[in-house]
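K.L.:
Residue strings, one per chain:
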Amino acid sequence: MTRKKLVVIGAGMASGRALEHLFDADPDGWDVTLFNAEPRGNYNRIMLSPVLSGEKSYEEIVTHDDAWYADHGVTCRFGEKVTEIDRTARTVTGENGTVDYDKLLIATGSNPFMIPLPGHDLDGVIAYRDLDDTNRMIDAAAAGPGARAVVIGGGLLGLEAAAGLRLRGMEVTVVHLMGHLMERQLDEAAGYLLRKDLESRGIDVRVSASSKEILGQDGQVRALVLEDGTELPCDLLVMAVGIRPNTALAAEAGLAVGRGIHVDDQMITSDANILAVGECIEHDGAVFGLVAPLYDQAKVVAATLIGDEAAFRPKELSTKLKVTGCDLFSAGDFADGEGREDIVYRDPARGVYKRLVIEDDRLIGAVMYGNTADSNWFFGLVQSGEDISEMRETLIFGPAYQGGPDADPLSAVAALPLDAEICGCNGICKGTITDAIAGGATDLGAIRAQTKASTSCGTCTGLVEQVLQVTLGDDFQMPAAQPICGCCDLTHEDVRRLIKGRELKSQEAVWQELGWKTRNGCHVCRPAVNFYLLADWPLEYRDDPQSRFVNERKHANIQKDGTFSVVPRMWGGITNAAELRAIADAADKYDVPTVKVTGGQRIDLLGVKGEDLPFIWDDLNKAGLVSGHAYSKGLRTVKTCVGTDHCRFGTQDSTGLGIKLEQILWGSWTPHKVKLAVSGCPRNCAEATCKDVGIVCVDSGYQIGVGGAAGMDVKETERLVDVATEAEAIEWTTAFIQLYRENAKYLDRPYKWLAKVGLDWVKETLASADERARLVAAFELSQSIYRKDPWAEHAKQAERYQSLADLTLEAAE
Amino acid sequence: MSWIDICALDDIPLRGARKLKTAQGCIAVFRTAENEVFATSNTCPHKGGPLADGIVHGQSVTCPLHNWVFDLETGQARGEDAAIATYPLRVEEGRVWIDASGVVDRTAA
Ligand code: SRM
Ligand SMILES: Cc1cc2nc3c(=O)[nH]c(=O)nc-3n(C[C@H](O)[C@H](O)[C@H](O)COP(=O)(O)OP(=O)(O)OC[C@H]3O[C@@H](n4cnc5c(N)ncnc54)[C@H](O)[C@@H]3O)c2cc1C
Ligand code: SF4
Ligand code: FES
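Residue numbers (my numbering), protein chains in the order written: chain X, 97 to 909; chain W, -4 to 104.
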C-alpha cells in the first residue's frame, strides 16, 4: 500500500492536534512533511504566559517532541519558511527545497498586528506571539531593577504580558484605548475589578489612552508618547493589540481568501486538495483567536483526510485570564439588549462580581470576577441553551444550590458569608443585617430603619427578607415576597404597575398578558390580583368572591370548628338599646354560644352555623345593623372616646368625627385591614397613636398620625399633618387611605407600606390640594360601588349558604 | 353504579364549591374555571377545615384554615403525606350526578 503524501505548513496548535487525530485514526496511511517557520516543533502557545512569569519552563510546554515526530514518520522541516505553493504541480517550496503533495494542510496561524506608529520599528518594540518574543521579554526584565515596560493593549495577551513582566520585576504601564480592560470579554464592572486587581500588583493602568508616537535613542525604544502628550519612558514596548490571520501564502497561490483563508464545513479551501485549519482560516464569516474552536476544526481535518464525514460547527466560547490570582471568566453574549435580563451578584469585600445574562429563560452570557469556581457549569448552560427558569432564583449561586426543581433559595442565602453584600446601594453586608436581627429587628421595616438595607432601589428586598427568614426561622413570617408566588415571575409592585400601565381590567387579562404559569393562579396571587383590579378599575372590574379568602367571600370569620362569627358595625363604638336588644334576640334565636365585646368597641357573636348566616344577618339588618367587616382587608373599626360630649377634658367632638369617618370609609377594600381611632385629647383613651390612622384632637384642631400598629408589631403613629377643621381631617384621612389603596402591596399594613415609600413621599404627595382632591374623588367613585351592606345582599341569596342536597336519608339499593 | 342527581351545574359557583350532606359526612362538590366538577370529602385531614370554603384554583383547592392544597382529581395533599377521599361525578345536560354507591348509608337498606 502506498502512503499518501501530506504536507503541513505550520507546526502550531491547530496542526499539531490535527496530526494526532490523523495518526490515531490512520497510523500508516500518510507520509507527512511538516514545515515550521519557527525553529522548533509544536508547543503549547497559550502557556507562554506562565513561561514569561517564570511559573513554567519552555520544556514543560512542548507538546510534541522529536521522538513523537520520529515515531510517526514525520519529516520535520523546522526553521524553514514555506515561500510558495504550486497548486497545478501540487508542490510546496520551502527555503530549502520543494516537496510534492497529495493533500496540503495550511496552518499558518496569525500575525500579531503592529500599529504603524512612528518608531514602531525601533529595537525593543515587540509583539507577543512566540517563544522568541517571550525570551526577549525575559531578557529585558533581567536588565535589572528599574527596567521599564509599556504594554499597548489591555486585552488578554497584553495583560498576561504585563502581569508576567511585573512578576519579573519590571515597572509596567498598560495603555488601553478603550474605557475598560478586556472590553470584548468583560463588562464594565468586571473590567473595573480587574483593573483594581492589577493596580494592586503595582501595574500602572491607563484606559481611554491612545498612543501617538514611539520615541527612540540610538535605534532603541526610549518612551511612548500618548495623544495627550504624556510621555511614558520604557526599555521595552510590547504591542498586543490584535492578530491578523496569516493568509499571504494562500492568497499568492490563488486560494479564496477574505479575512482568513475560506474553508467549508469540512475545512477544505477553494482547492479540493488543500485544507486549512486554525487562526489562519475564515469559516462562515468568522475568524478565530482561541484554541477551543481550533481543536474542533482539527478533528474535522483528520476526518476529512481519511474520508469520514464530519462538519465543523462553531460553539460558544469562554475566556479566562491566565494571570495567577486574577480570577475572571466570561462566556457568551453579555451585551445589554431588549428582552435581556441580568442577575447580578456582588460582594465588594471579596472583590466578587458575577453577572448572568438571560434571554428567553436561557443563559446566554456570563461574566464573573473574583470567584470563577462555577464557571464551567455556567459555560455548560450557555452552550446547552437549556431552560433555566426553574432554577432562576438560585442560579447565580451555582450548581451547589441546584437541588432540583424545588431548590431552596434559602439555603443559598444561609450559605452566604457574613461579609457578603446584600444591599448594593447602601453597602450593607449580611452581617450588619444579622446583627440588627440579633438586636431585635424582626421584620423588613425594622431592618430598613436600623440598617438602611433595601431602602434605595429596593431590588434586594427579597434577599433581606430571606436573611430574616434564615436567621429567625419559624419566628419570621415571610411576607408574600417577590415574585408574588410560583404562578408568575413578577413582584407585587410590578403587577400593580402593569395593571395600571397596560390597562389590564380582568384577571384573565392579567394571567395572559403577564405570563402566569398556572391556569388561574392560586390562593396567594388570586386575592392580590383581585384587589389590585378592583382598586384600579372600580367601575370596570367587579370584586370576584371566588378569589377571596372564605372570610371575605362569606362576610364572616371562619372559626376553627368551621362555624362563623358575626360582628355588626357599631359606628364609632356607639350603640343603643334597640341594637343591643336585636343582638340579644339573634343570640337566642341562633343558639350563639359566645357573645363577646371585642377589642374594637363592638360585639361579636361567635359560633354561628354557616347555614344560619343569611338569616341572622337578615334579622340584624331589620334592626338597622350592618356588617362590621370584622373579616375584611378593608375598613374595620373607628374607635372613639367620649370627647366633648361628656368628658371634662375633651377638646373636639371625637365621637362625632369617628362616626363620620366610619360612615365615609366603610365597605371599602384596602390592601390590608385598616383601623382608625379618634381621641378627644392627648390622654388618648381611644388609643389613636397605634392605629393605621389615628387622630388626636387638641384645642387648635386635629393631629393626624399614620402608620401605627398594635398587632405583631407595635408602632406608634407618625404625624402626617395638623389641621384646624374637621372637614380637613376627613379630607386628609380619606386621601391618605386612597393613596394607600392605589400603591401598597397586598397584605402590607400602612406602616409596612410607609416603610417602603417613606412618610416624606406621602407627605409631599398629599401636600398638594389638587392631589388630595383627586384622591378623594377616586375614593368616592370606588365607594359608589362598595359602600353598601354585603350582608343585606347575601341575605337575599340564602340558598348559597345551604348544602346542595341532603343525601343522609338516601338508602342504598 | 347508580347515579343520583344532586344539582344543576350552575348551582355551584365557577371556581367555587358547595357542600353536600351524606350519611358518610359532608362532601364538597367543586366546579373549576373550565367547568370540570369534582367531589371530595369536605373535611381537611389536617384539622378538619371545611374544604368547600377554600379557594379553588386550577384543579386544586386550598383549605381555608391553614392553606393545605389538595389535588381535586386524586385527593392528594401537596407536600403532605395526606389525601382526601374523592367521589365519581358526572355532568349531563347541565345536571350534576354523583355515584350513590359511595355515599349512601348502607345500613339504612
Ligand atoms: C374579635 C377580635 C378579638 C376580640 O375578641 O376582641 C379579633 C379577632 C381576630 N383577629 Fe384581631 N381581633 C380583634 C382586634 C384586634 C386588635 C385590637 C384593635 O383593633 O384595636 C388588634 C391589634 C391592633 C392592630 O391591628 O394593629 C388585632 C390584631 C390582629 C392581627 C395582627 C395584625 C397585624 O397587622 O399585625 C391579626 C392577624 C392578621 O390580620 O393577619 C388579627 C386577626 C384576627 C382574626 C381575624 C384571626 C383570624 O384570621 O381568624 C381573629 C378572628 C376571630 C374571630 O373568629 O372572630 N388580629 N386584632 C377583635 C375584633 C375587633 C373588631 O371589633 O373588629
Ligand atoms: C501568549 C499567548 C497566550 C494565549 N493564551 C490563550 C489562552 O489562554 N486560551 C486560548 O484559547 N488561546 C490562547 N492563545 C491563542 C492560541 O495560542 C492560538 O489561538 C493558537 O496558538 C493558534 O493556533 P494555530 O495553530 O492556528 O497557530 P499557531 O499556533 O500560531 O501556529 C502557526 C505556526 O505556523 C508557523 N508558520 C506561519 N507561516 C508559516 C510559513 N509560511 N511557513 C512555515 N511555517 C509558518 C508559525 O511559525 C507558527 O508556529 C494565546 C496566544 C498567545 C500568543
Ligand atoms: S389574639 Fe386575636 S388572633 Fe390571636 S387568638 Fe386572640 S383573637 Fe385570635
Ligand atoms: S385544617 Fe386544613 S389546612 Fe389545617
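These are calculated hints, taken from the structure and not from any lab test.
The structure displayed is predicted, hence computed values, not measured ones.
Heads up, the beta-carbon is just placed ideally off N, CA and C, and yes, glycines get one too.
Some hints here could point you the wrong way.
Restraint ranges, calculated between C-beta atoms of paired labels, are given here [claimed, not checked]:
(1) D76(W) <-> K884(X): 42 to 48 Å
(2) D76(W) <-> A863(X): 55 to 61 Å
(3) D76(W) <-> P513(X): 32 to 38 Å
K.L.:
Each hint: holds or not?
P.N.:
Tested hints:
1. In this structure the supplied range 42 to 48 Å holds for D76(W) paired with K884(X), their Cβ-Cβ distance being about 46 Å.
2. At about 57 Å, the beta-carbon gap between D76(W) and A863(X) stays in the expected band of 55 to 61 Å.
3. Between D76(W) and P513(X) the CB atoms are about 36 Å apart, so this pair conforms to the stated range of 32 to 38 Å.
Every hint from the earlier list agrees with this structure, and none is contradicted.
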